[in-house]
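Novice: Letter by letter, the chains look like this.
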Amino acid sequence: MIREYLRDAATSLIAILIGFLVGAIILQVAGYDPLYIYGSLINSAFGNYYVTLNTLTAMMPIMFTGAAATLMFKSALFFIGMEGQLYIGSITAFLVGHLLQLPAGLHAIIAFLAGGLGGLLWGLVPGYLRARFGVNETVTAIMLNWIAIHFTDYITQYAFADPKATIARTYKILPTAVIPKISPEVPLSWGFVVAVIATILTGYLLYNTVIGYEIRVVGLNPHVARVAKISIESTYLRVFLISGFLAGLAGATMVLGVFNSIVYRFSPGYGWDGITAALIARNNPYMIIPASLFLAVLRSGSIGMMVGAGVSNEMILVIQGVILISAAVPEAYILLARYVKARR
Amino acid sequence: MGEMVNIHKIYPDGTVALRGVNLDIYEGEMLGLLGENGAGKTTLMKILSGLLKPTRGVIRIKGKEVKFRSPKDALSYGIGMVHQHFTLVPQFTVLENIVLGSEPKVNKLMIDWSRAEEEVKELMKLTGFKVDLNAKVASLPVGMKQMAEILKVLYRNIRLLILDEPTSALTPIEVKSFFNVLRKLREGGVTIVFITHKIKEALEITDRIVVLRKGLVEGVISTTEATPQLLARMMVKVETKPIIKPEVSPSREVLVVEDLWVRGDDGRYVVKGASFCVREGEIYGILGVEGNGQKELVEAIIGLRRYDRGRVLVRSNSRLLAYVPPDRTTEGLVLEMPVCENSILGIHKMFTFGKLAINTRKVVVHANELVSKYSIATPNIRTPAKYLSGGNQQRLVIARELSKGSDLLIVVNPTRGLDIASTNYVRKLLVDLRSNGKAILLVTADVDEALEISDRLGVIYNGRITGEDLAMNFTEERLGLLMGGALRE
Amino acid sequence: MNKMNLSPVIALLDSALRLGTPIALTAIGELIAEKSGVVNIGIEGIMVIGAFASVVATYATGDPIIGVLVGVAIGALLGFLHGTLSTYLYADQIIVGMGIIFFGYGITAVGNAIIWGQPGFSVGVSTISHLVVRVGEASVSISPIFFLTIVLAILTYFVLKYTWVGLRLRSVGEDPEVADVLGINVFRLRLYATVVGGALTGLAGAYLGVDWGGRFVSYMSAGRGFIALAAIIVGGWEPLITLLASYLFGFFDALQLTLAQLYGKQVPPQLFQMIPYIATVVVFALFFRKARPPAAIARPYRRE
Amino acid sequence: MVIYLVSLGRTALTVLAVVITAIVVAGVMYAAVPKGGQTITQTVTVTVTKTEAVTQTITATQVVATTTPTQHVKAAVIIRKRGDLGFNDMAWLGGQMAVKNLGATVEYFYYENVPMAQYLEFLENIVRRGFDIIVVVNFMMAEQVAELADKYPNQKFAILDAVVEGKPNVMSIVFKENEGSALVGALATYLSKSGTVGIVLGMDIPPLWKFEIGYKWGIHYVMNETGRKVKILWEYVGTFGDPNKGKEAATLMLQQGADIVYHAAGETGLGVIDAVYDYSQKTGKKVYAIGVDAPQEWIRSGYVIASMVKHVEVAVYKAVEDVAKGSFKGGVVALGIREGGVDISKPEDIKIMMGIAVELNLMSQDEANKVYNEVMNLRNSIPSEVWDKVMLLREKIIRGEVSIPIPTADTIAELRQRYG
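Protein chains in written order, with this note's numbering: chain A, 1 to 344; chain B, 1 to 489; chain C, 1 to 304; chain D, 1 to 420.
Extracted from the complex, chain A is given alone in its bound form (with noise of 0.2 Å):
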């Protein structure tokens, strides 16, 4: 077991080194000097106090994100439909913050139950489409994605559009409903503490709760499920509706905690990396946190790269993609190490 795990982290710390080495190849191909890049990568990720503290915020979103993706990845569901959860869990988690009248801190809090309420009932979509019907969940998922897309767009530009804003963006929540920074000078909110117990809370609800036994049972047998009585439909939605909840957390982190209203097109990506984060930590849930930090290293990163260096941060899709195909193939590395063994 111990030594599985060794394993997978290996691969994962190897397919790393691949893309940072592909990338550099790349980059001294387009004549730049990759360990100043890479330099000013690391340096504007962990320079100081602050920029790490950015670094985490970037994490925020992915955490919840990837737990979501997690889940439903454990219940061999290949649903990617993170991304318009999230988008409806900020239009919820905006709604509660911007219309209801509530005391501080408990308006925040139903605000950001609210936004997992939100994405919760996107994932309800699917996953009656799905336990129902046995509607195929990649497809809704593609198609839900755009239409929460389009329809923030229309919150954003029509219905709740701030006339005052000179960007594409909401009203401003009510101050009672944003999420406290954890002190006044840092950028980083509580929302990142909340994102962490998130994720692990996902572990272990996956690993020592009823449900969690479930879905894994589910996922990795639906035959033996079937015949211990665990009722695959009803755990396809609960997994729908938990993993619908955290990506949905994820919009409202972002609109209670950093915008405090839904810019147009505010995420980057939040869903997908969610994804990739989940891909990278092998499905396992306590690895997202470390794969997310990965991720967000990439995001923050870049951006001092781009800044300090010069380099367009696209370079970082090319070593993020060529990463990720060094992971998906942990073999090669097995026969590669045997050959090695084997030349000796």
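Some clues are possibly wrong.
In silico DMTMM-like links for lysine to aspartate or glutamate, alpha-carbon gap of 20 Å or less [claimed, not checked]:
#  : chain 1 : residue 1 : chain 2 : residue 2
1  : B       : K145      : C       : E177
2  : A       : K164      : D       : E165
3  : D       : K286      : C       : E137
4  : C       : K290      : A       : E233
5  : A       : K172      : D       : D150
6  : D       : K282      : C       : D63
7  : B       : K53       : C       : E177
8  : B       : K349      : A       : E233
9  : C       : K161      : B       : D112
10 : B       : K136      : C       : E238
11 : D       : K100      : D       : D322
12 : D       : K282      : C       : E137
13 : A       : K164      : D       : D410
14 : A       : K164      : D       : E414
15 : C       : K265      : D       : D410
16 : B       : K72       : C       : E177
17 : C       : K161      : B       : E103
18 : A       : K172      : D       : E165
19 : A       : K229      : B       : D327
20 : A       : K172      : D       : D410
21 : C       : K290      : B       : D265
22 : C       : K265      : D       : E414
23 : A       : K172      : D       : E147
24 : A       : K229      : B       : E299
25 : B       : K136      : C       : E177
26 : A       : K229      : B       : D407
27 : A       : K229      : B       : E331
28 : A       : K181      : D       : E147
29 : A       : K229      : B       : D265
30 : C       : K290      : B       : D266
31 : A       : K181      : D       : E124
32 : A       : K164      : D       : E147
Label-pair distances were calculated between CB atoms; the ranges are [what the hints assert, rightly or not]:
#  : chain 1 : residue 1 : chain 2 : residue 2 : range
33 : A       : Y158      : D       : K396      : 49 to 59 Å
34 : B       : M472      : C       : K290      : 42 to 52 Å
35 : C       : K290      : D       : K286      : 26 to 36 Å
36 : A       : G39       : C       : V133      : 51 to 61 Å
37 : A       : A342      : B       : V66       : 44 to 54 Å
Derived from the structure by calculation, the hints contain no laboratory data. Built from N, CA and C at the ideal position, the CB exists for glycine as well.
Position chains B, C and D relative to chain A; hints supplied.
Specialist: Frame of chain A; chains B, C and D shown alone:
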């Protein structure tokens, strides 16, 4: 015809299957390959048919050394194998399956379906098989699948036909005609290797018998010189003792099934008015060739399938039914999960704090208890179930089901694919349970098993119980007729 | 002058053809790969790289036909990469696919920056010539790639259904163990299928680049690869229904654009923009939900 | 053993596949730069020199000129990217003008693909680098600028296209795009033979409304003047980044009979220009596009009749100049036609663009000349009385004789009712 010299096979997981087997196959003979489960018969033949590569050893065909990289290479030497697990694509039609891989072509690209059909029909005439060529394989009963499988191999013009336990899915009557087909093939010049663990069959059909035991050749003997006792001694060292059943007078009816009508997946009735009852302190056996409605019948009883007519009455002390499914790897266990998590499958809701969180300590205690009580050989309870041997997996399933504490135990093919020791263990366990007052419904396709341990026996054919009697009252012939549908009592 | 105008219906259909073609091409290509049991969700990335390569090649040579060919070749190459990893090295196909998407988005923008000084978009290049069809007094120009798409879909249907290649391909996707026993080279067949899939996706990219568009713009595939994935499922892994599903999506997209032009005053455009996606979900849930994927899909095949 | 060796073959195969893919992708990228059949080594050198050339033009800006009387200014200009031959390049030009005329030191920062959640981080990184003025050419950063203006009260900011109110250290520079759009609307209406004109817009957001309403106002102005009824086709396609969608929307308009289509849709608008070109090529009908932000005539020379130019360079220059002269003041500066902020494109504008294109090695001097001539030919084919009428409207706007409505969330619905 061919010889295999000093064949070793070690699987990647470290299992040693063959430790230096030498085998000669003579042109035109019918060679029996006899041995218990795990003796290495199938592995040896998979190597000969190119599906597996030997760890060490040489294969010679007609004196020439050959290296098979794939079954295709073996086929090009005229060697074909009919596997025990069907190698048919379930979603394809029979004809598609038969021609797959050696399709007759019109031009370079198109398949000549009419020629294919003619050729296969020719083969069917030769063998006497009757299969609907345009039916989807998934919808066929087991016997039909077996025929399709054999037709598929014959279609490839093979000179050496390897059959792996070909009769396990056939009725006794079908076996008879199947043997005739084999004889006809041998007359036509086809060499046949017949893998079996049934001594009677080996004696009946083969010319020469090679007995394997634990990856080694135990002996080679001409069939005319062989006796059942001799072969049995070669196969197994431990003499099996018949199970002694203490007298119990069955009393209370725990399971009553009355006039049950159940539909299959395709919507047609497959259980057509089955009625029987299982009493405390007895094993009630339902014997039949697979595909006669057993699966649906059991599923209806345990509540996985709706039934249209009739009723199922369970008078058990527990709401949970103990059920040992026919296939432990796909229905009984989650192979990737550790033993301890498998030990609570289906009863996991009982191991909780409150209603939600699983009480890990309680699970560990429970798992350890099962492991020690039923002597399940496992490194520890955190080992994934896939690393357990088949026998231990089955013990785990049975142990878990018994821990449900139900009066009624439903077991389906409980010893399929198990070695002798595990088989004996399981059968003895079932008898003990019965003697202690449990009601056991045993659904099996194994005649010996049914006769050995059940008290009463019902034979199922085409969705109906066609004969019911005390197990000791059945003769083999009567059973054969009932199972084959030639008799209805 | 007004007489020359196309009737709105013809204009709508014309538009639907263009909007549907890249999706249809990608879907047909990916369908071939999926029939063999390989899922390549990287088609989105292959499409954008194909578009980039075709534009670059056209820019370099001035001949859009060469652009198309280069796009196809690059697509095939990426298919080869995915196919090799996911067959011979038992890679997790989803992860490889995601990787190709990121790689594709990134490398094309970087490449654009190297060639044209900035990652955003390229200069305009010439596009391949169209067939001009007269409709009444007006005329509609139709891309040869559209006809090619239809031909390819029918060809795929034909090959899968009537030829030995198709039979073997399907067997590899349904049950690789059986296919292997019968001497069919599972690995090679899957690799070839993925290469063909990549090539068609590259063609779809070239269509975006040097047929429909005439220039490269970063991220120009704009999620069409995912729509193609959906189209395959909606089409139940049947080439002709998949083709239909792709053009149906194209139709709804064109309808959306038309409606937004007609009723922009009354209804916010975002609501129109949702139409094709909602329509797809509804049509799928109502009519096509029974689709069954090839049994061995996304499952790497290992011997022993 | 055998198995492992076979598998090793697969490993080698895979490595080979990766390497080949990388080489071919890179090769194709490079092969494109020099036209003709050069070898790869040659192409690499060429590319490197080109990259250097671009870097040189940027680093050259850091050379301090000593002959100016004004205060030396160290300025940061934040643009999306370089080389779009449009909005961002013009902002860059403004910085260059400041270098040349004011001796300022200018550094450029590119925000393309910085996630919105990290705008603050991005800006703050720049603030810490220490600049006299930070010119933000991205209206989406308005709120972050406001926040940082409070946090760093001594840091001067200028933001374009957005209003940050009540901060003494933030200068907000906005453009009256409605005025410029009115001019091209009028031009389109005068020139339209079919009596149908179109406009394709990106996102349906307040800044874009000014283009829409201004254009429609210009059309109505001409309709009132000539009494001719002109049909307006307009559409928000919902994205700035999908040229194929833009092309489709424009093609639908052309098929409905529009013969002049204006766009305000970023890169989606490139599709509009391509659509006009394609439609003309394939049907033989002559139709035209109107560019936006920058003089876009060069994109498809001979098919873009004019552009509504936003003189971003003027704005950027003004911000730096104010700091240099010590006259920097927070507050809103609105640049209309009168202030030189927006206008219909002039031949000089196109010349400047071509200059940038040559400098960036995007075109050879010959090509640039050819493009320029084609653009001028098209321009000269417009009857001079049309130009006169458009210029008359321009004068009226400058003199304040007509006023073009500025749409807000409250008035947009009503304005759309009025202008169609």
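Novice: Determine which of the earlier numbered hints do not hold for this structure and return their numbers in increasing order.
Specialist: Violated: hints 33, 35 and 37.
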